[in-house]
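Protein chains: 2
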Amino acid sequence: MALTVVGSLAYDAVETPFGKRDRMLGGAATHFALAASFFDTVHVVGPVGDDFADEDMAVLATRGTNVDDVERVAGGKTFFWAGRYSANLNQRDTLDTQLNVFETFEPKLSDASKAAEVLFLANIVPDLQIQVREQCAAAKFVAMDSMNLWIEIAREPLERVIGMVDCLILNDEEIEQLTEAPNLVQAARRVLEMGPSVVVAKQGKYGAALFTADDHFWVPAFPLETVVDPTGAGDTFAGGFVGTIAAALAAGRPIDMGLLRGAMAYGTALASFNVEEFGTERVARLTPGEIPARIAELQRITSFTDHGVALRH
Amino acid sequence: MALTVVGSLAYDAVETPFGKRDRMLGGAATHFALAASFFDTVHVVGPVGDDFADEDMAVLATRGTNVDDVERVAGGKTFFWAGRYSANLNQRDTLDTQLNVFETFEPKLSDASKAAEVLFLANIVPDLQIQVREQCAAAKFVAMDSMNLWIEIAREPLERVIGMVDCLILNDEEIEQLTEAPNLVQAARRVLEMGPSVVVAKQGKYGAALFTADDHFWVPAFPLETVVDPTGAGDTFAGGFVGTIAAALAAGRPIDMGLLRGAMAYGTALASFNVEEFGTERVARLTPGEIPARIAELQRITSFTDHGVALRH
Chain F
468 MALTVVGSLA YDAVETPFGK RDRMLGGAAT HFALAASFFD TVHVVGPVGD
518 DFADEDMAVL ATRGTNVDDV ERVAGGKTFF WAGRYSANLN QRDTLDTQLN
568 VFETFEPKLS DASKAAEVLF LANIVPDLQI QVREQCAAAK FVAMDSMNLW
618 IEIAREPLER VIGMVDCLIL NDEEIEQLTE APNLVQAARR VLEMGPSVVV
668 AKQGKYGAAL FTADDHFWVP AFPLETVVDP TGAGDTFAGG FVGTIAAALA
718 AGRPIDMGLL RGAMAYGTAL ASFNVEEFGT ERVARLTPGE IPARIAELQR
768 ITSFTDHGVA LRH
Chain V
468 MALTVVGSLA YDAVETPFGK RDRMLGGAAT HFALAASFFD TVHVVGPVGD
518 DFADEDMAVL ATRGTNVDDV ERVAGGKTFF WAGRYSANLN QRDTLDTQLN
568 VFETFEPKLS DASKAAEVLF LANIVPDLQI QVREQCAAAK FVAMDSMNLW
618 IEIAREPLER VIGMVDCLIL NDEEIEQLTE APNLVQAARR VLEMGPSVVV
668 AKQGKYGAAL FTADDHFWVP AFPLETVVDP TGAGDTFAGG FVGTIAAALA
718 AGRPIDMGLL RGAMAYGTAL ASFNVEEFGT ERVARLTPGE IPARIAELQR
768 ITSFTDHGVA LRH
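Going line by line, the protein sequences match chains F and V.
Letter by letter, the first sequence follows residues 468 to 780 of the numbering used here.
Letter by letter, the second sequence follows residues 468 to 780 of the numbering used here.
Treat the hints as calculated values from the structure; they're not laboratory data.
Straight-line alpha carbon distances no greater than 20 Å define the calculated EDC-like cross-link-like pairs of lysine to aspartate or glutamate that follow:
(1) K672/V / E640/F
(2) K672/F / E640/V
(3) K487/V / D523/V
Let the sequences and hints guide you as you build the complete structure.
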């Protein structure tokens with residue numbers, strides 16, 4: 468069984484109140500793959516330039532991730548993003564975006580990537596997501612991310628690709644923007660009417676919510692004393708979430724609400740490791756044995772029982 | 468047993484995307500009392516003007532709330548606030564604030580109010596909170612709210628009153644502002660060092676978090692299809708939370724983490740009713756029988772188990 472991800476491989480320059488990195492491995496597909504590789508064999512599809520270092524390719528290949536479809540564009544430069552976070556990490560300013568090899572990217576999937584049971588379309592231009600979706604006809608579960616830019620300038624193809632997937636994973640405010648709904652519950656319902664059977668709203672430091680036609684689930688972010696760099700947290704979350712589904716399908720388990728809830732918890736736990744250090748540093752050396760304690764803690768800090776205090780009339 | 472609340476009684480003019488009210492009953496003490504009255508006898512302390520209508524006093528007295536210490540100031544006008552919410556209710560602009568009788572308010576507590584086992588200091592100027600706290604020497608559990616204005620212009624007395632209470636209930640961003648901490652976990656820890664043994668961070672539409680010296684708990688807001696007016700949600704939450712503690716003390720139950728978690732759930736459930744209609748409209752006619760279903764639903768939509776999918780190395 469396998470899980471294919473199509474998206475950006477990047478170099479990031481990031482400055483947070485806790486330090487900076489001038490050039491570190493990043494990109495949505497990178498963060499996704501590092502998390503999802505705990506669950507299934509990941510095939511990464513995306514372009515890099517001549518400048519992409521062998522040691523970064525080795526990081527990408529952590530836990531057996533297949534990098535055969537990472538296209539090295541001769542004479543090209545790897546996608547570059549530079550950003551700076553505010554003191555409380557709530558805001559970030561993009562200082563520089565260089566599309567580089569992404570400007571002319573045409574996804575070419577090997578037969579192995581096309582044959583994956585599960586597909587994740589990371590945030591790239593919707594027309595490319597459609598191309599990839601059509602190439603992966605065998606996929607049993609397809610999830611996608613997107614961003615406010617495409618809602619604003621490419622709404623028609625974005626709505627088309629949303630209609631071709633099983634699961635939309637998007638920031639809560641973007642879901643509200645996409646649907647023009649006044650709150651998340653209504654917004655999620657409208658997305659479910661567009662095609663997907665599962666909607667996941669990422670709420671940043673507040674956690675995430677999942678919606679299906681007849682149920683929903685809410686989980687907080689894993690509380691941390693120290694958050695060093697939020698870059699890639701959403702893609703790491705997606706990697707844990709979609710990875711769980713891929714592993715369940717591979718094991719012949721049903722993708723029911725119980726499985727989806729657990730997938731949300733694993734996504735949350737993996738994202739919490741991601742933000743503890745810059746870029747991919749923490750998740751690249753994360754071991755499977757470190758994860759269950761966070762799942763158990765997340766369960767503990769969200770559990771309650773009715774206190775049974777009598778109510779007055 | 469009894470629960471005393473000191474704070475504002477007001478008339479509010481509110482405009483949301485779903486309608487408007489030119490003059491409706493409001494104020495922190497009002498919203499708090501309506502929620503807390505499900506749990507214990509509430510004594511309300513606060514000033515109103517000649518213009519305060521008898522029917523509004525009757526609403527305040529719902530479920531046996533004692534209004535003997537509502538001071539009617541001859542020739543005075545009731546506190547007035549006017550605000551307008553944005554399309555998604557995420558932002559609100561204050562259009563008008565008239566302190567009126569609050570400008571010269573000096574809290575005068577009857578012996579009955581002073582004798583309460585539990586005290587809630589709603590958001591008023593910190594010096595008045597200190598005065599009231601000192602008058603209620605018998606209180607076994609004291610909670611307080613505040614706001615960004617006092618952090619900015621009255622930090623010293625604010626820190627003093629925080630040192631005199633058991634529980635601070637404040638918006639998450641205000642807790643971060645107060646402590647100048649980079650995230651909520653660190654911020655809550657610093658508040659715990661200032662005196663309180665319990666810190667509750669209100670996160671608006673995202674829910675709330677509770678911190679003690681050695682534990683924490685996170686609950687989402689109760690998801691609603693329709694939110695009409697968020698005014699008073701935080702005070703309604705506080706009423707359900709502090710009310711639970713008052714009822715537990717009255718019943719001789721320990722205020723342990725299990726009780727506090729349940730109290731968070733009841734605060735959340737009550738706040739969810741509050742926002743379904745304008746001002747006090749919904750909670751004033753809420754019946755005890757409607758509440759448990761929301762507690763059960765909140766429990767259901769936050770529960771998960773480890774999915775047991777094997778992790779790869």
